[in-house]
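Asks: Just so you know, the sequences run in chain order C and Y.
201 is the number that the numbering used here gives to position 209 of the first sequence; each next residue is one higher, with no gaps.
64 is the number that the numbering used here gives to position 72 of the second sequence; each next residue is one higher, with no gaps.
Among the hints, erroneous ones may be present.
If several chains are the same, the list does not tell them apart, and a pair holds so long as it fits within one copy or across any two.
Straight-line alpha carbon distances no greater than 30 Å define the calculated DSS-like cross-link-like pairs of lysine-lysine that follow [unchecked claim]:
1. 283 <-> 81
2. 268 <-> 282
3. 81 <-> 268
4. 81 <-> 282
5. 268 <-> 283
Please keep in mind that the hints were generated in silico from the structure rather than gathered at the bench.
Listed below are the residues making up each chain.
There are 2 protein chains.
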Amino acid sequence: MTQISPYPHQVEIIEVGPRDGLQREATLISTDDKAALIAGLVAAGLRRIQVTSFVHPRLVPQMADAEELCRRLPQLPGVAYSGLALNLKGVERAEQAGLRHIDISVSASEAHSQRNANRFVADALTGFQEMVQQARAYGMSVRGGIQCAFGYQRPDDVSPETVLDIVRHHLDLGVDELALADSSGLANPRQVQALLAEIMPLAGDVPVILHLHDTRGMGLANVLAALQGGVRHFDTAFGGLGGCPFIDDATGNIATEDTAYMLHEMGIETGLDLAKLTAVSREYEERLGKKLPGKLYTLL
Amino acid sequence: MTQISPYPHQVEIIEVGPRDGLQREATLISTDDKAALIAGLVAAGLRRIQVTSFVHPRLVPQMADAEELCRRLPQLPGVAYSGLALNLKGVERAEQAGLRHIDISVSASEAHSQRNANRFVADALTGFQEMVQQARAYGMSVRGGIQCAFGYQRPDDVSPETVLDIVRHHLDLGVDELALADSSGLANPRQVQALLAEIMPLAGDVPVILHLHDTRGMGLANVLAALQGGVRHFDTAFGGLGGCPFIDDATGNIATEDTAYMLHEMGIETGLDLAKLTAVSREYEERLGKKLPGKLYTLL
């Protein structure tokens, strides 16, 4: 029997817990505690962390301290922090807060775009272009995302053609990276394989990041499918925290430590320290007063 | 990009919840309720159910009603019930209780065998042979299992050679099916692929069943790897209940409904009704008074 696909020696894990993980949580975490959390994640080996989003504090109170948090980030060589922006104002705020990496995106779902961002996809694409231009003028690197790339309420309510059109749009604008988000946790491995088979050749040398949620338990199966399809970069959140406040049931990102554990067991390096990661998750289980979705932190 | 592997049109799911799912639970379920549970699982489309184990009631109190339960099983065309036996006495009890299918196994881990079954693997293999002969004399079909096929306390504490030796032993005895159990929830997709690449050619026409636990969140990733490796039969438990009482942290089988959902989304039929399955899991969440590990039953 032949080896199905050569797996890589190394995969990059991008921690989104401080942003995607915490944004839905009602317990407000202080800026000091967030800075300590991020320092802990860096100590566990993470080199890329999405630290906050520049949104209106009324919409996401947990992110009201975005600027203050950016001032307190531990500045270490080789560690890159990014922030999420939804509009030009957000890009400006991120730049003024000192971030060099901006995460911006467009939803592939018309219904999600209108509910989440209150705008049509076509308008969002125009806004995206303005944000890219602004970020480039600032000299920031741009990660161009596609939300709901695998569906919004059902896997077939977003067509692969729509996703591919946005991919081409992002690439034409010269984004530094592409990010495909399974915002609703609907993706299945076959769908991941099929979509990547179209996208990877288009992306060429532009890295493709997969942002997965484990809503229906398929998170790591989708990681496997994506590895086989050539993806080498994954968003994860410590403890499996996370979820879009504007999508019902969109629970937990894939857990950083569970993902890293699977990769390590498969002989793929991530540079992460599982014991330190699980300690962070155990701390936040206590802090948030509830069991987190991740599995490994209760065992290690 | 090429399709990695042709997926099957259909997969058989074998429900082990009434046995593996309940055996570790402290809440004793009455025989009436177990019979109703099994009727509910049959109504949800399951055609093969492992209903009980014939062990000493002092060891597993939940299974003390094995004979009584077998008398109350709904007899329906096309539905096959099996029981687990650990020794000759168990095979005799199963036959006398009217079962036509017996599930017997040997551990590939010397340490696990001695702790779980209080015998060396070599002695267990001798005992296995006697059980096969007895079951055949009774005209029962035999599923020959291998516990800890992917490790006991670590994935590398059981060698693939040991597993292959037991596979050959089982096949030489003419078992009707092989079952590989990841008893400790240690298997990773690459390991599954590598072991199946050796076993599937040996097994030939003898079906290979994979029995997975989701202890570390890799359950459905391993299902995907196994599908790619040619496996078409999986043990699952409703709600993701389960775990060996003799292995620390060996939590939950892969959930029947989560597994079926992923397969359906991938275009693979199971014949199962997700709404009916999740209703069973919701009932048992209430009955057992705790959140079950499965994901889908909280959503559907």
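Asks: Each hint needs a verdict: does it hold in this structure or not?
Replies: Consistency of the hints with the structure:
For a Cα distance limit of 30 Å, the shortest separation of residue 283 from residue 81 qualifies neither inside one copy, at 36 Å, nor across copies, at 43 Å. Taking the shortest Cα distances, residue 268 and residue 282 sit within 30 Å of each other both inside one copy (20 Å) and across copies (29 Å). Proximity of residue 81 and residue 268 under a CA criterion of 30 Å is satisfied in neither setting, with 36 Å inside one chain copy and 49 Å between copies. Taking CA atoms no more than 30 Å apart as the test, residue 81 paired with residue 282 passes in neither setting, with 35 Å inside one copy and 46 Å between copies.
Proximity of residue 268 to residue 283 under the C-alpha cut-off of 30 Å is found in both arrangements, the shortest distances being 18 Å within a copy and 27 Å between copies.
Figure legend: structure checked against the earlier numbered hints; hints not met, in rising order: 1, 3, 4.
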